[in-house]
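Novice: In terms of our numbering, the sequence shown is residues 801 to 1086.
Simulated from the structure, these hints should not be mistaken for laboratory data.
For clarity, every value in this text was computed on a predicted model and none was experimentally measured.
Note that beta-carbon positions come from the ideal geometry of N, C-alpha and C, so glycine has one too.
Keep in mind that the hints are not guaranteed to be accurate.
Beta-carbon label-pair distances, calculated as ranges [as the list claims (entries may be wrong)]:
1. S898 <-> R875: 18 to 26 Å
2. R821 <-> G878: 35 to 43 Å
3. G1034 <-> T989: 29 to 37 Å
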Amino acid sequence: MGDRLSVVAVDWSGRRRGERRAIWCGAARDGALVRLEDGRTRGEVAEHLVALADTDRDLVVGLDFSFSLPAWFLRARGYRTVDDLWRAAAAEGDDWCSCREPPFWGLPGTCRSDLRATEAAVAPVGGIRPKSTFQVSGAGSVGAGSIRGFPVLARLRAAGFAIWPFDDATPPVALEVWPRLLTGPVVKTSTDARARHVDGLDAHIPAHLRARAIASDDAFDAAVSAVVMARHTGALRSLTRRDDEVTRLEGAVWVPPDQANAVSSRPTDSATRPPTSSATADESTW
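With the hints as extra help, turn the sequences into a complete structure.
Specialist: Following this line, the structure appears as C-alpha cells:
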C-alpha cells in the first residue's frame, strides 16, 4: 500500500446562494496538482467524494470547516457524540444560522470569541486566528459553512469514510483543515501574491491549473491545501483517533508535522467552558 494517497482539499462555503462558484475542489497525487474545479453544490460535493472513494479507497479529504462546536454546547444540548450534533444540524441548522438565539451570533455590534480547544491552541498566522464557529454571519464568519457542512460529514461517515479525529485515519478519511496553516501568511487578496506562492510550491502544476489557482482566493486555498497535504501522506496515514473527552466532542484541526510549533501542547481551559459574560452566561438557554 505504501504512502501513495489521493488527496482532495475542499475550500468550503456556507453561502445560501452562489455556492457553486464559491466551493472549489483541488486534487493532488504523487507531487502534482491533478484537478482544480468548482461548479458543485454542497450536496453534490458530498456525492462526488463518495464516488471518488468508490473507485479509489486510498483517499484523504481535507475539508475547510469546523467539524464540531465547543464541548459545552454539545453537553448543554444533550448531544452525547458528534454524530448527535450532525443529525441535529440537519434538522435545526437553518435556525442556528438565523442568529435568532445565542450562542450563535453575527449581528452588528456583537463580538464574542467562543472557540473550541483546537482553535484556541493554534497560533496566529500572519496575525490571523481561527474564528468562532458560533459566528454565522458577518465578515470572515465560518459558522454557517460549518453548520451546513455537518450533514456532509454524516453522509461521508454513512458511506464508509473515517472522520478524523473521531476515528483512526484509515482511508477513505476526511479531516478538518485550516488553510492558513497550509498557505502561511500570504496576502490572498493579491493576485500577484497568490501567483508567487503557487510558483514557489514544490509541485508540478499544469499551466491551466495554475491559472485557476491564482484567479481567486477560494481556488488558491483548495490548490495549495491539496499540494501541502500530499507532501505528508505518511503522517496522514499514521493519524489515530483521539480519546480525550474534549476532542471526542469537538474534533481537531489537522496540523502538518512541519507546523507543529504553531500549536500549543495544552489548550487553555477557557476554550472548553461556556462564556461567562452576562449576555451569554445562562447555559440553560442553549
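Novice: Each hint: holds or not?
Specialist: Checked hints:
1. A hinted range of 18 to 26 Å for the beta carbons of S898 and R875 is consistent with their spacing of about 23 Å.
2. A hinted range of 35 to 43 Å holds for the C-beta pair R821 and G878, which are about 38 Å apart.
3. Distance hint for G1034 and T989: a CB-CB separation of about 34 Å, consistent with the stated range 29 to 37 Å.
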